[in-house]
Amino acid sequence: MKLEEITMLGNWNTEEELIKIIELIEDKISYKGYSEDEVITLVNKLLEINVLSLKYEAREELLNTLCNANSYYNIQEKVDFNNILAIKDELEDDLKEYILELFG
3 MKLEEITMLG NWNTEEELIK IIELIEDKIS YKGYSEDEVI TLVNKLLEIN
53 VLSLKYEARE ELLNTLCNAN SYYNIQEKVD FNNILAIKDE LEDDLKEYIL
103 ELFG
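Numbers in our numbering are just positions in the sequence shown, counted from 1, shifted up by 2.
No lab work stands behind these hints: they were computed from the structure.
Some hints here could point you the wrong way.
To be verified - What follows is a set of in silico ranges between Cβ atoms, one per label pair, in the way DEER data are often shown: (1) Lys30 to Glu59: 17 to 25 angstroms; (2) Lys30 to Gln78: 15 to 23 angstroms; (3) Leu5 to Asn66: 17 to 25 angstroms.
Claimed, not checked - The calculated lysine-lysine pairs, modelled on DSBU-like cross-linking and capped at a C-alpha distance of 35 angstroms, are: (4) Lys22 to Lys80; (5) Lys34 to Lys57; (6) Lys30 to Lys47; (7) Lys34 to Lys90; (8) Lys80 to Lys57; (9) Lys98 to Lys22; (10) Lys22 to Lys90; (11) Lys98 to Lys30; (12) Lys47 to Lys57; (13) Lys34 to Lys98; (14) Lys98 to Lys57; (15) Lys80 to Lys30; (16) Lys98 to Lys80; (17) Lys22 to Lys47; (18) Lys98 to Lys47; (19) Lys90 to Lys57; (20) Lys57 to Lys30; (21) Lys90 to Lys80; (22) Lys34 to Lys22; (23) Lys47 to Lys90; (24) Lys47 to Lys80; (25) Lys80 to Lys34; (26) Lys30 to Lys90; (27) Lys57 to Lys22; (28) Lys34 to Lys47.
Small disclaimer: the values here were computed from a predicted structure and weren't measured.
Glycine is no exception: its CB is placed at the ideal position from the N, C-alpha and C atoms.
Build the full structure now, drawing on both the sequences and the hints.
So, in structure tokens, the structure goes:
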């Protein structure tokens, strides 16, 4: 499996670029444009990003995409979201809602 988005996630330079990439991924997730394996690969790549190093807008976009990926593809048991859970208390209060959605 060779996803262009994986390469893009490895090459972003600004948060604006990252947000555009994440939006592209989220659109395809919403329209079921990926196989489950592709979503798992993309989510694992997104989880490599240091969320706390991002500004609010990028954090929100990334967390929203993770939630949508789990919601549309039910991958919670197939992906290790623990690094996101570990930073929950360091996130803004409204972003914690995404964590609650992931871990119910």
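Here is how each hint holds up against the structure:
1. Lys30 to Glu59: 17 to 25 angstroms: holds (20 angstroms)
2. Lys30 to Gln78: 15 to 23 angstroms: holds (19 angstroms)
3. Leu5 to Asn66: 17 to 25 angstroms: holds (20 angstroms)
4. Lys22 to Lys80: Answer holds: Lys22 to Lys80 is near 26 angstroms, not above 35 angstroms.
5. Lys34 to Lys57: Roughly 28 angstroms between the alpha carbons, so the hint for Lys34 and Lys57 holds.
6. Lys30 to Lys47: Given that 35 angstroms is the threshold and the Cα spacing comes to 16 angstroms, the pair holds.
7. Lys34 to Lys90: Roughly 28 angstroms between the alpha carbons, so the hint for Lys34 and Lys90 holds.
8. Lys80 to Lys57: holds (28 angstroms)
9. Lys98 to Lys22: Holds, because 22 angstroms separates the two Cα atoms, which is no more than 35 angstroms.
10. Lys22 to Lys90: Roughly 24 angstroms between the alpha carbons, so the hint for Lys22 and Lys90 holds.
11. Lys98 to Lys30: Holds, at roughly 24 angstroms.
12. Lys47 to Lys57: holds (19 angstroms)
13. Lys34 to Lys98: holds (26 angstroms)
14. Lys98 to Lys57: The given pair, whose Cα atoms are some 15 angstroms apart, holds under the 35 angstroms limit.
15. Lys80 to Lys30: holds (19 angstroms)
16. Lys98 to Lys80: holds (22 angstroms)
17. Lys22 to Lys47: Judged against 35 angstroms, a Cα distance of about 15 angstroms means the pair holds.
18. Lys98 to Lys47: Holds, at roughly 21 angstroms.
19. Lys90 to Lys57: holds (15 angstroms)
20. Lys57 to Lys30: holds (24 angstroms)
21. Lys90 to Lys80: holds (20 angstroms)
22. Lys34 to Lys22: holds (18 angstroms)
23. Lys47 to Lys90: holds (19 angstroms)
24. Lys47 to Lys80: Holds, at roughly 14 angstroms.
25. Lys80 to Lys34: Roughly 18 angstroms separates the two Cα atoms, so the pair holds.
26. Lys30 to Lys90: holds (26 angstroms)
27. Lys57 to Lys22: Distance ~14 angstroms between Lys57 and Lys22 Cα, so the pair holds.
28. Lys34 to Lys47: The given pair, whose Cα atoms are some 18 angstroms apart, holds under the 35 angstroms limit.
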